[in-house]
Structures are given as structure tokens and as C-alpha cells.
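Enquirer: First to last, the sequence lines map onto chains X and H.
Each residue of the first sequence is one higher than the one before, counting from 94 in the numbering used here.
Each residue of the second sequence is one higher than the one before, counting from 7 in the numbering used here.
Calculated directly from the structure, the hints in this document are not laboratory data.
Beta carbons: idealized from backbone N, C-alpha and C, even for Gly.
The reader is advised that the hints may include incorrect statements.
To be clear about the criterion: a stretch of chain X counts as covered by chain H if any three or more of its residues have a C-beta under 8 Å from a C-beta of chain H, and this derived list gives those stretches [as the list claims (entries may be wrong)]: (1) 198-208; (2) 221-232; (3) 297-304.
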Amino acid sequence: MMSLLGSGLILTLQIFVVTLIGSLPLGVIIALCRMSSFKPLAWITRAYISFMRGTPLMLQLMALMFGPYYLLGLELGSDWKFWACDIGFILNYAAYFAEIYRSGIQSIPRGQYEAAEVLGYSRSQTFMKIVLPQVIKRILPAMGNEVITLVKDTSLAFVLGVMEMFTQAKAIAASQVSMLPYIIAAAIYWGFTMVVEFLLSRAEKKLDYYHD
Amino acid sequence: MSDVQPLVSIRDVHKSFAGNHVLKGITLEVMPKQVVAIIGASGGGKSTLLRCATLLDRFDAGSLRYGDLVVAEDKDGTAVYGGKDVLKEARLRFGLVFQNYNLFPHYSVMKNIMDAPINVQKRPRAEVEEQARGLLARMGLEGNENKVPCELSGGQQQRVSIARALCMNPEILYFDEPTSALDPELTQEVLKVIRNLAEQHMTMVIVTHEMAFARDVADHIGFIDGGVIVEQGTPDQVINNPQHNRTKAFLNRYED
Ligand SMILES: Nc1ncnc2c1ncn2[C@@H]1O[C@H](COP(=O)(O)OP(=O)(O)OP(=O)(O)O)[C@@H](O)[C@H]1O
Ligand SMILES: [Mg+2]
Numbered sequence: 094m095m096s097l098l099g100s101g102l103i104l105t106l107q108i109f110v111v112t113l114i115g116s117l118p119l120g121v122i123i124a125l126c127r128m129s130s131f132k133p134l135a136w137i138t139r140a141y142i143s144f145m146r147g148t149p150l151m152l153q154l155m156a157l158m159f160g161p162y163y164l165l166g167l168e169l170g171s172d173w174k175f176w177a178c179d180i181g182f183i184l185n186y187a188a189y190f191a192e193i194y195r196s197g198i199q200s201i202p203r204g205q206y207e208a209a210e211v212l213g214y215s216r217s218q219t220f221m222k223i224v225l226p227q228v229i230k231r232i233l234p235a236m237g238n239e240v241i242t243l244v245k246d247t248s249l250a251f252v253l254g255v256m257e258m259f260t261q262a263k264a265i266a267a268s269q270v271s272m273l274p275y276i277i278a279a280a281i282y283w284g285f286t287m288v289v290e291f292l293l294s295r296a297e298k299k300l301d302y303y304h305d
Numbered sequence: 007m008s009d010v011q012p013l014v015s016i017r018d019v020h021k022s023f024a025g026n027h028v029l030k031g032i033t034l035e036v037m038p039k040q041v042v043a044i045i046g047a048s049g050g051g052k053s054t055l056l057r058c059a060t061l062l063d064r065f066d067a068g069s070l071r072y073g074d075l076v077v078a079e080d081k082d083g084t085a086v087y088g089g090k091d092v093l094k095e096a097r098l099r100f101g102l103v104f105q106n107y108n109l110f111p112h113y114s115v116m117k118n119i120m121d122a123p124i125n126v127q128k129r130p131r132a133e134v135e136e137q138a139r140g141l142l143a144r145m146g147l148e149g150n151e152n153k154v155p156c157e158l159s160g161g162q163q164q165r166v167s168i169a170r171a172l173c174m175n176p177e178i179l180y181f182d183e184p185t186s187a188l189d190p191e192l193t194q195e196v197l198k199v200i201r202n203l204a205e206q207h208m209t210m211v212i213v214t215h216e217m218a219f220a221r222d223v224a225d226h227i228g229f230i231d232g233g234v235i236v237e238q239g240t241p242d243q244v245i246n247n248p249q250h251n252r253t254k255a256f257l258n259r260y261e262d
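Use the sequences and the hints to build the structure in full.
Expert: Okay, structure coming up:
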């Protein structure tokens, strides 16, 4: 049982890591598009964010899984479910992260940009050296919430038949007629989120040397 | 005498915000070592003038020069600005001290002062550090090198922001109401620093509501009201013997 749950945990971790690697930077791009002064781009991005946040992730995963076949008649093979899973999670979480980035960037006072401009900082220097470090401090709590939600959301991959930890627990529980796999899986999820919480509180402490 | 050229020359500038005509033909020249105070009622356009002079905003019409550098030229009633290089060059010639300091909260005092000279002007760190320490001493801020702005009083923060501007070695330093956010005692410590700079012949343009200070420190005072310089001259002329009724009415409100 433990080896099955363990292999599930590895897939869960994989979904978790791949989603963060993909969605953290993609969110920046989406946030910048959302704030673009080129209106059509801003509107399209806004609609995208609204859709991603306004429909269930489970439904989005299903659409990615079966859309290519139902809509286009494409046979994508049995590996497609892993792709659908990663792409679905990345696209969904990037929308949430984009909104957090946007609110963070917009909360930086104009005076910071103006001081940087008068001192001759380039636009990219201003963003990287002045704005971004302050944004990170401000959004860390909100980002933490999303990351912890992601730990648990990885279990939604069960709808695609990706054998992550929850899917494994379900299968074992059914075959052994036992609660135990669920209890162990719950303990592992909880431990996982506690690790994430610990890392976040360390980061918050590290940025606590100033306030504004 | 006549071959000394102004450090900044602002000629017949206009500026509107969505139909609100804020600057209506202002001309101001500042000679090296001159200290110019700008006074005037709220909404008169003082900040707008400073923001346009420091390129945070743009004039609609008129011209702007820093020494021989033409930043904006008037072409048929439109201010035509130079390219990126010109603006970049111009930014090296002036500094600006904001009313609410705008220090970078995540940087230490030293880093606030040293970062732009090192990363924008590309000067050697050792040289910048020596200058920064000297400036902190002049500002009476020794011992605060490693603090962050939130650990300082408003008056101390404003003095750091003056040091930050000075470390760029500007030819001219602008102040927009540098003490308006401060308590009276803290105001005095900042005014003292600015007085000190005036004694050392730093070229400055200071927007202020501190009339006594303006009279003491400035060589030249301009009274701005309704987007024009209503009256200008020596402190004695403008503050002690104002000629225009608008100036008199404004000054009366500041009599104790
Ligand atoms: N960004 C802006 N957009 C629209 N209107 C503006 C803007 N900035 C200034 N104004 C308007 O321009 C006018 C002049 O404002 P300005 O801030 O230059 O006055 P001021 O002389 O500095 O006043 P104060 O003594 O209150 O600082 C005001 O009517 C103000 O509402
Ligand atoms: Mg003002």
C-alpha cells in the first residue's frame, strides 16, 4: 500500500512543481498583458482571467483532455492525459497568480516610480530593483494561500486518470474496503502543506526587516 | 557677466490637464549658484512646473533647456522634446526632493544614496561610498547608514532623500515643499540643511510655504498664481514690498 501511495505522491509532487514552474512566470506575462495600455490585449487577458477563475478547474481539465478528440478528431495517445493535466493546472494557476501580481504591482505608490525616474533608472531597472522586491513582500501571503490550495488541488487530476496520490488512495480503499489509505493520504497532504507553510513563514520573516 | 548662461531656462511654457489650463506662459531662468524660491497658493501650478522641469511630465508649449542642452523646443506653439538620449542627459543635470521623500523602503540608508550613482552613473563603488558618508555627515545622519527608512523620523528621511539627490552631483536641485509633511521641529532640521546648501552655493529651486525661510535663503522669489508668475524679484521686493494685490493678499494670509 505504501509503495502505491508513494508512487502517487511522486506524481502529486510532479504536478505541483511543474505547475509552479510554468504558472509563476506565465502569471507575470499575463499580468503585464492585463495592464497593457494596448486595450484589445488588456480586454482579451481580462476575459481569459475571468474565465479561468469563473469555471471549475475540473471542467477545464476535462475540456483539455477530451476537447482535442471531440472538437478536432485528434487521437493524442495515452500520454496526453499528463500533458492535459500539466497544461490545465498551469493555465488555471497562472490566471490566479496574474491577479495577485497585478494587485501587488498596482499597490506600489507612484512616488516610487517617480523617484526612480528622476534618478535615471531605466524602466527595467526600476521594475527589477525598485518595484519587484516590494511587490514580492506585499503578495507573499496571498501567493502562499494559492500555493497551499494547489497542494490539495493536485487531487483533481483523478478525473483524468492520472495516478497521483488521491487516485491511488481511492483505488486502494476500494480494493481493501478500508479507510486507512484515505487517512494516510490526508496525513501526507497535511504534512506537505505544513512544509509549504513553514517555508512561507521563513520567507515572510526574511522580508520583515522593513515595512512601509 | 553676460557670458554666464543659465543652468536651466524655462521659456513661455504652457500646460493643460484635460482642458484645465494650469501653466499659462511661465518663464524662469536660474543662474549658477542662484537660489530661487517659488511661493503661491494651492493649485497655482507650482508642482506642475517642477514636475515638467524634472521631466516627470511634459509641457504642451514652450521651451526647456539645461545649459546648452535643448530638452524641448517650441515649434508653432507645441513643445517638441528631444530623443531618449537628450532626456537621459538632462536627468543627470538635476535632482528632485519630493514632499513625501519617496525613499526606497527596502533599501538601507546607504543603499538608497549609493544605488543610482553606482548602477545608473556607473561610478566606482569606493568613490560613491566615500561621497555618501560625507553627505550623511553633512546631513547630521552619521550612525544611520544601515537603518531602513521606516526606522527614521520624517525629518531624517527627508535629509536622506536630499543626500540621495546630492550624491548624483546634480547641477541644480529642485525641492517641492520639502517640509510640508513634517512637524514644526522636524521642519527646522530640514530647513537648516537646505540653508547650509545655500551657503555653499548649491543652485536650487525651492517651492515652499515657509515665508521666513524663503526670505532668508533665496536670492530670487517668484510668486505664482493662476498659472502665471504674478510677481518676482528679490525677497525684499516680493515679500517686504509686494506691488500686486494678489501677492499682498497671499502674503497677508501668512502673517502671524
Ligand atoms: N495629473 C494631473 N491631472 C489633472 N489635473 C492636475 C494634475 N496635476 C495637477 N493638476 C491640476 O493642476 C492644477 C495645479 O496643480 P499643482 O499641483 O501644480 O498646484 P500647486 O501650486 O503645486 O498647489 P499646492 O500648493 O497645493 O501643491 C490644480 O488645479 C490641479 O488640480
Ligand atoms: Mg504642489
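Enquirer: What are the numbers of the hints that this structure violates, sorted from low to high?
Expert: No numbers; nothing is violated.
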